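Peer 1: Now for the letters of each chain:
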Amino acid sequence: MEGVSALSCPESSETTWTLDIGYWADLKGSRMALAQTTKATEQGDLQIARGRRSLLQRDGVLAWLFMIPGWTVLVLFMGYPFFLGIWLSLTDKMLGFSQYDYIGLQNYRDLWADSIFQQTLRNTAYYGVGTVPFKLLFGLGLALLLNRQFRFSRFFRAGLLLPWIVPTALSSLAWLMLFSSVLSPISLVLRQWGLIDQNINFLGDAWNARISLCIANIWRGVPFFAISILAGLQAVPTELVEAAALDGASRWDRFRAVIFPVIKPIVLITTLFSIIWTISDFQLVYVLTKGGPANETHVLGTYAYQIGMNATQIGQAAAISLYMFPALALGAILLLRSVRGGDTQ
Amino acid sequence: MNDRRIDDLVSEAKSLRYSRRQVMRRATALGLSVPVVSAALTASAYAAPGEVRKFAKAPAQLEGTKINVLGASYFVPAGQERFDAQLKEWGDQNGVEVSVDYVAWPDLQAKIGASIQAQSGPDIVQLWDPWPYLYQENLVDVNDIAGPLGEAAGGFYDWVVKTASVDGSWHSIPYGTSSSAYVYRPSYFQQVGAETFPDTWEELFTVGKALKEMGKPLGQALGHSLGDPPSFTYAYMWAYGAMEVEEDGTTVAFNKPEFVDGMGTFIQGWKDAFDETGLAWDDSANNTAYLSDQLSATLNGSSIYLKAMGPEADGGVPEIAADTNHADFPQGPAGRFTNIGAQSWGITTYSDNIDGAKSFLEYWYSTDQLTSWYEANGGYYIPAAPNYTSLAVYTEDPKLAPYLNLVNYGRNKGYAGPSDDSAALSYSKYIVIDTFAKAVQDGDAQGAIEWGADQLERIYGD
Chain A
1 MEGVSALSCP ESSETTWTLD IGYWADLKGS RMALAQTTKA TEQGDLQIAR
51 GRRSLLQRDG VLAWLFMIPG WTVLVLFMGY PFFLGIWLSL TDKMLGFSQY
101 DYIGLQNYRD LWADSIFQQT LRNTAYYGVG TVPFKLLFGL GLALLLNRQF
151 RFSRFFRAGL LLPWIVPTAL SSLAWLMLFS SVLSPISLVL RQWGLIDQNI
201 NFLGDAWNAR ISLCIANIWR GVPFFAISIL AGLQAVPTEL VEAAALDGAS
251 RWDRFRAVIF PVIKPIVLIT TLFSIIWTIS DFQLVYVLTK GGPANETHVL
301 GTYAYQIGMN ATQIGQAAAI SLYMFPALAL GAILLLRSVR GGDTQ
Chain B
1 MNDRRIDDLV SEAKSLRYSR RQVMRRATAL GLSVPVVSAA LTASAYAAPG
51 EVRKFAKAPA QLEGTKINVL GASYFVPAGQ ERFDAQLKEW GDQNGVEVSV
101 DYVAWPDLQA KIGASIQAQS GPDIVQLWDP WPYLYQENLV DVNDIAGPLG
151 EAAGGFYDWV VKTASVDGSW HSIPYGTSSS AYVYRPSYFQ QVGAETFPDT
201 WEELFTVGKA LKEMGKPLGQ ALGHSLGDPP SFTYAYMWAY GAMEVEEDGT
251 TVAFNKPEFV DGMGTFIQGW KDAFDETGLA WDDSANNTAY LSDQLSATLN
301 GSSIYLKAMG PEADGGVPEI AADTNHADFP QGPAGRFTNI GAQSWGITTY
351 SDNIDGAKSF LEYWYSTDQL TSWYEANGGY YIPAAPNYTS LAVYTEDPKL
401 APYLNLVNYG RNKGYAGPSD DSAALSYSKY IVIDTFAKAV QDGDAQGAIE
451 WGADQLERIY GD
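Protein chains in written order, with my numbering: chain A, 1 to 345; chain B, 1 to 462.
The shape of chain B in the complex, shown without the other chains (with noise of 0.2 Å):
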């Protein structure tokens, strides 16, 4: 008899297509054994533990329905299309009708906070770390979505965790992250004596410096933009021993010698090394530069290396593409370490069709199309959840892997203290850039930092 409805069950799944989950709620409805339906899905090959996760089409009241979304624009067009596409065909399976709206990077907060100022604006989000703690009485609850989803996927990395959910709580569903390492022409570098990318800061700067004398410099944008600036600047910190806060926090641990030592080193590196101009950059512009063959080295996403092997019509560059290859951010007294944090899809509590956002959700993030997603960006995107880093586009190519380790010396905003309110002030005000491009601009490695410290002081000293 239960044997029977069991076989019910998981022809019933296997018709329809339940997740994992759905299954088990059903299994439970109907009384049955839970361990025992796991293990009769386990026989049929229906549901394994990370294997792909089919989407079940959505609940038939969704019809003549509408969502829309919004999201940063992407330096990887195939991502972008492959999302457009998604979208689409959700919206024509589902009869929803769907709309997206892509802005720049530093226009995106903006333009959430507007809509949940006016309590009106786009029902799916794109969010950045630390975003959803800022937002978290607009956001929707989706625990229901993200704790299976991270479970079936070998659960989120720390670093996503402590970065995305809000305490422990998901308001959002995380991906990934756009990730950030030394994207280098080894040709330049072995002109000027070095066969390997530096290891360390200060033999970057040494070797920049001969770099810069032949014409090609190291590029670093300092200027108010949220991906690259932050991505040197919080990195270098580390790396000279300081940080914004202490674990309470609240105490501010980031006037320290040693970092004042290594921001006079960088002073000096900057004319010797750097492209000065680097003070006005936003996050195009060192791709720009980079392809154009201004640069020797820059911290960036893998954006610039796929754009460069792309077809030449879109911008492609095959003998820059051939001459480069990615490294390790470099490392300084204290260790190695680089900025990281999860990027996520939230759902905006004023929306009237949350139903509707929740099932695109569950329908891109399902096994099947988010790894579709993760290949169409070329491996810009690292994932959130380690399942999926087997994917090839993460193993293919060799040039790619220092992107996957940054998962391995990742620290978040407001380390050492949580991801919260305090870290976002910070990162919105550019507090840490600004003490880099003010002492690279007054040339006073102290004045910059006691700058900084009493800025931060007024942010997480309450």
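Bound-form chain A, shown alone (with noise of 0.2 Å):
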């Protein structure tokens, strides 16, 4: 209202909030005399530009204008970081250190025989192989059971995202205290009803650690595929699945001839999205155990960080990061193809 009161009138003072029809028709009268002129004057403009336009007609040209400032974002941000990275992973930069030399593919060749690269490139392995089905598995399942109706799916839908909404760090602290080797709850709770009389050693044993990260990994990344395939379920069209029943399918075919070809997309995109961030996740392993024991747990973000950031070596952390990149980008690849053939469906 203050708003309108200040745009409307000299008096608006003191008319604002009576209600005053004849102030109300007298500003409709200017509102339409302001348009007609409004209107002269852009026919005015376009004589003059109409030279301009035709350049800005022209095939492309507008087409490049406009996607200028998206392509100065991505060189800035995506570009530059990028072919620095690839540069830097040539070099023996170290942190702090200004002097340093071209060296060729010498990072590559010494990370290949380096046994705790070959380590982390195993556990990066572990880790996605231990995963990504798990969170595929179970983000169908819910989403599933979530698609049907019943009581509080609204509010059990919303819950699902949890996990998903709150800041990895912040979750992966809760997870570090659950896995604690010294005050786990678990343990506790264990210890108190007489199960165990030791601790679980949660993250002090390799497979234990391994299999500790996978589960705070699932637990975080099934909420993306639940609400991802839940609304690709919400696309498949009712009529079909119920004429499927009528026909006489079962459950199982009903889902695998009538839902699953519907949904499909969704699941390879959710899929791909996932093994790109699970291959490249920092935050878990960092919080969780630093890559420890032994480097039994190191992926390539953590073994990168602690190269880079710990012991000085950039352009080395900068070859480890760039391991990563052509499974990443086949898996980008991979995504864009499947997006496009999404479309000419």
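For the record, the hints were derived by calculation from the structure and aren't laboratory data. Computed from a predicted model, the values in this text were never measured in an experiment. Don't take each hint at face value.
[Claimed, not checked] Partial chain B-side listing against chain A, Cβ under 7 Å, derived:
id, residue
1, Gln109
2, Ile116
3, Lys256
4, Lys438
Ideal Cβ placement from N, Cα and C applies to all residues, glycine included.
If you follow the hints, you should be able to join the two separate chains into one complex; please do so.
Peer 2: Printed below as a string of structure tokens:
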């Protein structure tokens, strides 16, 4: 209301709060007058601008102009760091020292022969294989459950997003407490029940630590699958499902032949996204184990960080990060192709 | 004539509270004989060597500037509060806007690295050994402050010069280090028949076995953390005759038969005597475990004891404090060793307030301020120079004596080579720690040590 009164008329301070028909009519009149003036001005401008316009209408020119801001952002914030990363990976740059040399592919060769790096690659593979299929399975199951109408279904759908929207650094800290070797509530309860006599070694044993990390990662990643697939399920025409049911198709047949083909593109894209994110994960592993014990849980992100930020070998750290690139690029290409395929269908 | 000018200078020094160095500079400028002025100062009881250095107010041009400090979170909260108060007091006195950020120990170096890479961030940074070596190009030369400070305090210890200076040149100013000793529960040790703390590692593992059977194992972090894991692993490696590298700094001396034997002993000892979840511990886990009565002994700074003695509202546990004592590191066949390296404060070259940062550090390192900080830390930090070791905080409580002993048997990381970038790299990659972690996980002493030697070869071998 304040905004209207300020715009309305000189006497607004006295008339604003009373409904004055005459005033509103005046206002309407003056708006029409204003519109006519604007139209006339535009026509004049059009004539002047005709020459310029023809240039703008030329094929592509306008399109390129519109793309410039986007390209600028891409080049500045993605292109520059990416090419700087490639350059650094070919040098022996140490953080803090201004002198460094071009050493070709030496960093990549060194890493290939480095047993910690080999371990890191294996761990990254375990991490991907140990999480993505489970996230997909649980996400799909949850989505199918939540797609049914039941009491509080909206509440549960919203609640499902919680692990996804809580900042990972925070949820990782909660997992760190749960997995604590000294004060884990899980160990505490089991000890009180007399089921164990020593704290569970969640993060101090190679496989326990890997499994613990996978559990926390699955917990965090399931909602993304569930919500994405749920959105896909909403698009499945109910008539088709009902028709199939009437034709005697079993529950499994309905899912396999009617529902899954519709949600398939979404499942595919979600899985690919998840693979990329899992391979490049950092926060969860850094907070829970920092790559320990004895590098048994290092993934590419945490090892690159340790080498670059702590051991100050920025060149080698860049090479570690770029080892991810072929896998991630392949993922991205597949992702784009599947999206385009979905469009043409 | 000469005498009057000396008298004038002495009274000027008194009224303006000059440092001894400032007086000497002024004496030279006035063309006075430095030894005579020095004698006059001593006679007037102004500034005898090692005496309290008064802080002179910083120049007025600092007013309106800003200083940001980056340090690691304290394990003794009173020490952190004291530092905050000192920074604020100096800021108020000089009209400088001050701020300080504390990060967890393992994050400190990354934060410094990121600031240096971006050439923007804190003006003053806390440095551990051997970081001054790594960041020397980005740290302001502070020889003018560190040199006289060391002299006035009786000369920096050799271990300080080795680990905080860059080949004898100061790029940061050392204050000492958090130290380590065995923190143990005498009553538990007595219950298994040990009247005193074991003197050798093997004896400790034997006693520890009985303690673990009693439900009170030994505790040791072997995870990726910067404080407690290197404390133990470097000490044990040296005690069994191995080291990262020979004196030449390039010949790796890690894979020694006596060390393989020692590692075999440790693998068994770890199973028998230690809480095996230690593989996942960071620097605070053993504090928590000890204070919640889960351990009989652990290697740590005095922070456990100091916290136990504190008010119960802040986590104090009087009965554990009463039943806690400290002991030197046990020895092995090659002797008794520990890792020691000085911590220091440095000024970043990118800072736009280097004068302000220097002025604050001159104030903070003045004898009365530094003394109050050592005192607030309750003996947790051992000093970088001998004159401070006579402070009551180091002598009053005999239980804390082992912490000062450390200086007698400490070695730098990278020993027998220098504390340089290779030592820093090996430390940052947790090579020595991971050798132990691998050994206890795989049960293969020889394999783990070969792995460690190979990694060290990649670091030192070039």
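Peer 1: Closer than 7 Å between Cβ atoms is the bar; does Lys438 of chain B clear it against chain A? Give me holds or violated.
Peer 2: holds (4 Å)
Peer 1: Interface hint check: Gln109 of chain B, Cβ to nearest Cβ on chain A, cutoff 7 Å. Holds or violated?
Peer 2: At about 5 Å, which falls below the 7 Å cut-off, the nearest Cβ of chain A leaves the hint on Gln109 of chain B intact, so it holds.
Peer 1: Hint check: is the beta carbon of Ile116 of chain B less than 7 Å from a beta carbon of chain A?
Peer 2: holds (5 Å)
Peer 1: Against chain A, run the beta carbon of Lys256 of chain B and see if the smallest gap drops under 7 Å.
Peer 2: Hint violated; Lys256 of chain B Cβ to chain A Cβ min 20 Å, cut 7 Å.
Hint 3 alone, counting from the list given before, is not met by this structure.
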